[in-house]
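> Protein chains in written order, with this note's numbering: chain F, 2 to 616; chain Z, 2 to 616.
There may be inaccurate statements among the hints.
Where chains are identical, the list cannot tell them apart; a pair therefore holds if satisfied intra-copy or between any two copies.
Stated by the list, open to error - In silico lysine to aspartate or glutamate, EDC-like type, Cα no more than 16 Å apart, as pairs:
#, residue 1, residue 2
1, 413, 461
2, 298, 253
3, 592, 581
4, 388, 447
5, 346, 611
Derived by calculation from the structure, the hints in this document are not laboratory data. Computed from a predicted structure; not experimentally measured.
Here is what each chain is made of, one letter per residue.
Protein chains: 2
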Amino acid sequence: MQTKPTCTSPVSDYLEDLHRKYVPLNDGVVATYIPELAKANPDWFGICLVTAGGAIYETGDSRQRFTIQSISKPFVYGLALEDHGRAAVLSKVGVEPTGDAFNSISLDPGTGRPRNPMINAGAIATAGLVEGSTPAIRLKRLLDMFGLYAGSELALDEAVYNSESLTGHRNRAIGYMLRNFDILTTDPTPVVELYFRQCSVAVTCRDLGIMAATLANRGINPVTGKQAIRGEYVESVLSVMGSCGMYDYAGEWIYNIGMPAKSGVAGGVIAVLPGQLGIGVFSPRLDARGNSLRGIKVCEDVSRHLDLHLLNRPSVGKVALRMKCTGAELKSSRVRTLAEATALKQCGRRIGIYQLQANLTFSTAEAVVKDVIEHADELRCLLMDFKHVLSVNESACRLFYQLLQKFAQAGKPMLFVHTDRIPLIRRYMKVRLKEGFDRIYRAFEDQDPALEFCENLLLDNTLPGWTMDLRVDPQQYELFQNLSPEEIAQLVPLLRRKSFDPGEVIIQAGAPARELFFLARGHVSVFLSLASGARKRLATFSPGMAFGEMAIIEQAPRSATVLADTLVECDLLLLDDFADLNHSHPQIKIKLLENLSRVLSSRLREARQELQLFS
Amino acid sequence: MQTKPTCTSPVSDYLEDLHRKYVPLNDGVVATYIPELAKANPDWFGICLVTAGGAIYETGDSRQRFTIQSISKPFVYGLALEDHGRAAVLSKVGVEPTGDAFNSISLDPGTGRPRNPMINAGAIATAGLVEGSTPAIRLKRLLDMFGLYAGSELALDEAVYNSESLTGHRNRAIGYMLRNFDILTTDPTPVVELYFRQCSVAVTCRDLGIMAATLANRGINPVTGKQAIRGEYVESVLSVMGSCGMYDYAGEWIYNIGMPAKSGVAGGVIAVLPGQLGIGVFSPRLDARGNSLRGIKVCEDVSRHLDLHLLNRPSVGKVALRMKCTGAELKSSRVRTLAEATALKQCGRRIGIYQLQANLTFSTAEAVVKDVIEHADELRCLLMDFKHVLSVNESACRLFYQLLQKFAQAGKPMLFVHTDRIPLIRRYMKVRLKEGFDRIYRAFEDQDPALEFCENLLLDNTLPGWTMDLRVDPQQYELFQNLSPEEIAQLVPLLRRKSFDPGEVIIQAGAPARELFFLARGHVSVFLSLASGARKRLATFSPGMAFGEMAIIEQAPRSATVLADTLVECDLLLLDDFADLNHSHPQIKIKLLENLSRVLSSRLREARQELQLFS
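Model the full assembly from the supplied sequences, consistent with the hints where possible.
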């Protein structure tokens with residue numbers, strides 16, 4: 002169990018200061034147009050801010066229940082969009098601001114279409130679009146939908162509903178007007194009753210904060226992770242909130258506060274900053290326009306203090322490029338022979354390596370693609386690592402698809418690494434590339450094998466025959482450098498030849514270190530077992546190289562597992578024999594240790610150079 | 002000279018496709034209400050997309066000149082805001098959408114205040130707010146302002162201006178109505194003439210794209226880097242474009258296209274996606290509302306295809322945290338003695354290391370601060386590295402300030418690293434911390450010394466006396482481990498004691514390697530000279546350690562420079578003497594080489610572990 006941190010969040014501190022600041026604001030009056038609302042305590046005051054990442058900050062009466070009222074309108078509008086799609090909904094309700102008050106009827110003189118879904122007429126027309134064969138089913142769908150947004154089950158305040166229903170003559174008149182224009186095509190009574198019920202859903206300020214944050218998080222409740230509305234409709238819901246959400250105050254609201262918002266006559270207000278956060282405020286004291294007085298003040302302050310205006314955004318251009326380098330600077334963990342290393346030193350810069358991050362949209366991906374295009378002529382292959390990418394949208398996928406096409410046409414491989422967490426990339430390519438998919442789309446789970454693929458491709462061009470099944474003799478062993486033929490002849494009897502099949506374990510992590518290995522034929526790879534259970538390749542060795550030397554030097558158990566990649570032949574030098582050399586052949590031992598130091602020193606230098614790349 | 006890449010950008014390809022798609026759209030008519038406009042070729046059609054990063058993509062007649070017309074309105078509104086501030090401008094012109102057509106007079110019945118600055122009445126009132134003692138000065142200020150936005154000098158199309166002036170009776174009527182209500186307080190004639198002139202500025206579609214991108218880039222022209230409008234007013238300009246920019250089409254525009262926009266009767270349209278890009282389209286065929294038909298189609302397509310709707314944004318929560326670890330995983334380049342390393346192994350996790358990136362705003366910084374707060378109890382000190390941060394705003398600064406306060410109150414240092422490129426952080430802290438600034442705000446140019454500071458702080462607590470001016474005897478030399486007293490006695494005569502003053506060069510990069518150094522007293526640091534001219538510390542050594550060994554092993558010149566940090570005493574072992582040991586004392590040589598291999602092996606293991614952190 003995690004103990005509660007003793008340190009409070011600066012955001013909580015801020016909300017408490019804000020709450021304290023506006024408690025003395027005692028202007029405004031509680032709504033009385035329906036008797037039940039008049040029972041509210043005018044001093045109730047709660048604030049809740051919820052981030053799109055799911056952090057909840059709340060203060061004051063944030064758990065006090067009250068009715069959602071007009072704040073229900075955008076959410077029901079979203080449900081209507083899911084039920085019918087944009088075009089059908091637009092044919093029933095427009096999206097133009099009226100500049101009029103909330104109870105304005107504002108029907109289009111010709112078609113009878115309400116001007117927008119935030120005025121009562123539009124909201125009633127919208128309620129008429131909720132699918133369901135019976136009123137009970139339609140109500141249940143509404144409550145389920147609200148529950149997904151809030152992350153908890155919500156219910157009606159029956160007293161408020163009865164009061165609304167008893168006094169809602171104007172809304173019944175609107176219902177019949179809509180029926181008259183065939184905007185409603187059935188008896189308006191159950192529709193108007195559904196509208197009264199949607200307004201009577203009991204919520205807390207905390208609920209509102211989470212509901213707003215769900216809209217900020219593209220329809221996914223950031224606390225529960227559940228989807229409350231399909232992401233594609235969120236922009237439409239927020240658009241009508243932005244242009245019509247605050248009635249005749251809408252223009253000034255966007256100008257001053259810059260967040261789509263909606264208020265309710267019971268004193269609730271929500272505001273949404275897409276991608277970032279949602280705010281819920283509750284205070285029943287209303288201004289002349291029917292908006293919560295403290296609610297507006299809090300939104301104004303929060304927007305100004307936290308710099309949340311929707312239209313004041315820093316440039317995202319460079320955000321997606323985490324790191325960029327070439328194969329001359331970053332190497333695969335395949336340890337290269339001198340000939341290979343020399344060849345790669347000359348042509349490694351023809352491997353372009355791009356590590357991406359953040360959210361890939363048109364604008365963030367464009368900056369990456371532009372950089373690639375500018376260097377495309379110099380590149381032989383391109384490695385795109387998506388490991389740190391948080392999300393990708395279709396327009397970013399299209400840019401990468403177009404880039405892939407261009408590279409494919411030029412006969413240059415483009416490798417996609419770590420796309421497992423963003424499956425849209427693969428799906429998009431599969432749909433667009435069709436039968437070419439298997440040939441053109443190359444996915445790698447990890448950067449290291451992808452980089453090795455690129456290196457090998459360059460070696461194929463520059464070092465013909467490098468991949469031949471090479472066998473080396475002891476005089477070619479890296480650690481036998483500078484040894485005379487006689488010295489080598491003295492060592493050879495100590496070596497024991499051993500063969501391994503592909504996949505066979507040569508060294509098991511944790512085992513005691515009893516021998517040093519010289520690779521005579523084939524390739525071996527060193528793996529570390531990660532906490533996740535996955536294996537991470539640390540190195541691959543080629544004929545002539547030694548391995549298993551670090552545990553020998555450090556006199557410690559094996560720290561990693563070594564597997565045969567191919568058919569492998571090794572010469573084993575037992576630790577005891579290696580130790581005996583101290584006295585039997587000290588000059589040989591000295592040369593071996595000098596060679597070993599040289600190899601370690603050069604690998605350390607390389608590792609440090611790579612570290613520079615990342616720091 | 003860079004050669005032009007042979008590979009075209011996918012974005013250019015896309016714009017060309019789009020251009021091709023809408024060339025056949027021959028509906029709509031060229032404006033004729035002033036005779037000069039009727040001379041436009043109805044087939045002209047250009048598209049230009051400019052990113053907030055300054056990439057320009059253009060196609061078609063993107064260099065054809067035409068008059069800006071109503072697209073001038075938001076830019077002049079921005080100038081009025083700079084001249085008078087928001088409150089004064091709001092007292093003259095409102096910001097509510099009218100739902101009416103462009104030439105609607107729409108004055109508030111009580112005050113005569115035009116409803117918004119995008120209708121002609123509001124634009125004329127706005128033109129009346131441009132400061133300058135003479136009409137010529139006011140015109141020059143307007144043209145200079147437009148030139149900053151476009152990145153090139155702009156001029157009037159005199160023929161169009163004359164035509165506008167000859168026929169502009171309705172606008173003159175509006176001018177006098179505004180004078181009547183004291184919205185204009187001087188003769189309206191020169192104001193209306195300035196308005197005619199601002200509408201007659203000749204631009205190209207490319208100019209419009211750059212102007213739009215300047216608004217997208219918080220007022221800084223992304224091509225020239227020059228500021229065209231103060232960043233704080235951009236949100237206001239975009240707000241009126243968003244709510245009132247497309248006249249009676251504004252609600253539907255935001256709903257469908259989701260970008261603040263403005264059209265002009267000569268056929269231009271601009272659209273702005275804040276932080277991302279600007280679009281300019283030019284096609285003189287107009288629809289019934291006076292908007293460019295192809296212009297609207299192109300904006301619709303671009304918005305849908307590239308997923309540019311303002312209110313459809315992915316969650317930014319996790320974007321700012323590049324990497325997070327503790328002092329147990331990442332070490333300073335100060336090479337630790339065994340006692341120090343053991344102490345740090347136990348308590349290193351009490352150093353919190355956060356590497357930040359991207360744009361720090363309230364929402365991105367909140368996610369970082371929340372994570373710190375959750376771990377604050379376990380931390381002894383906190384290192385915040387801003388190296389990869391692109392920008393920071395005041396509300397993010399406030400969060401870091403509040404965090405710093407909490408850490409300071411708990412007596413825990415919070416270190417600010419790499420804040421040089423985002424000076425706002427330091428300025429903000431200085432203003433808020435006042436006289437406490439020098440005591441509380443700790444800035445470091447690089448992560449490495451900051452991390453060493455944290456490590457040293459922990460060592461002060463756990464290993465009292467570790468910093469004492471230590472002298473060690475040869476038997477304590479790391480490389481002399483396992484040597485018998487007799488063996489050490491045989492080596493000592495070969496060592497030559499040498500002293501260095503603080504700051505003195507001990508090894509010069511590039512020099513031949515002639516000796517191995519054993520540090521007997523004081524500290525030395527190894528530095529690499531970077532291309533930038535700066536020096537990067539690679540390592541700091543303590544008494545007992547050897548240095549200068551890598552060049553010896555590799556038989557290469559010195560690769561780095563070593564300086565004395567303090568008063569230093571070293572024992573030098575000449576390369577020749579080291580070689581002679583092979584024959585004079587082979588067993589000693591073997592032990593030295595074994596020790597050396599062990600040191601290198603353990604450093605290599607550490608370097609590879611750090612590399613894992615970053616991959």
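> For every hint, state whether the structure bears it out.
The hints, checked one at a time:
no., hint, in the structure
1, 413 / 461, "within (14 Å within a copy, 56 Å between copies)"
2, 298 / 253, "within (13 Å within a copy, 29 Å between copies)"
3, 592 / 581, "both (15 Å within a copy, 13 Å between copies)"
4, 388 / 447, "within (8 Å within a copy, 26 Å between copies)"
5, 346 / 611, "within (14 Å within a copy, 24 Å between copies)"
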